[in-house]
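Asks: Sequence:
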Amino acid sequence: MKWYVIRTYSGHEKKAKTNIEKMVQARGMADKIGQITIPTIK
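Counting from 0, one number per residue, gives the positions in the sequence shown under numbering that gives the first Met the number 0.
These are computed hints drawn from the structure, not numbers from a lab.
Don't take every hint at face value.
To be verified - So the derived label-pair ranges between C-beta atoms look like this:
1. I32 with H11: 15 to 21 Å
2. S9 with D30: 31 to 37 Å
3. Y8 with D30: 26 to 32 Å
We put the CB at the ideal spot given by N, CA and C, even for glycine.
Work out the full structure: start from the sequences and follow the hints.
Replies: Given below as structure tokens:
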């Protein structure tokens, strides 16, 4: 499985994830995307 990193502005991580998920569904690519994760610092 390949990994990709997307850089976003602070505070926009959830919106970026939501937009990616919508594009994946709209383009019928759900079977090609394993997991979309937002890393957090604790």
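Asks: So, for every hint listed, does it hold in this structure?
Replies: A quick look at each hint next to the structure:
no.	hint	verdict
1	I32 with H11: 15 to 21 Å	holds, 20 Å
2	S9 with D30: 31 to 37 Å	holds, 32 Å
3	Y8 with D30: 26 to 32 Å	holds, 30 Å
Taken one by one, the earlier hints all hold for this structure without exception.
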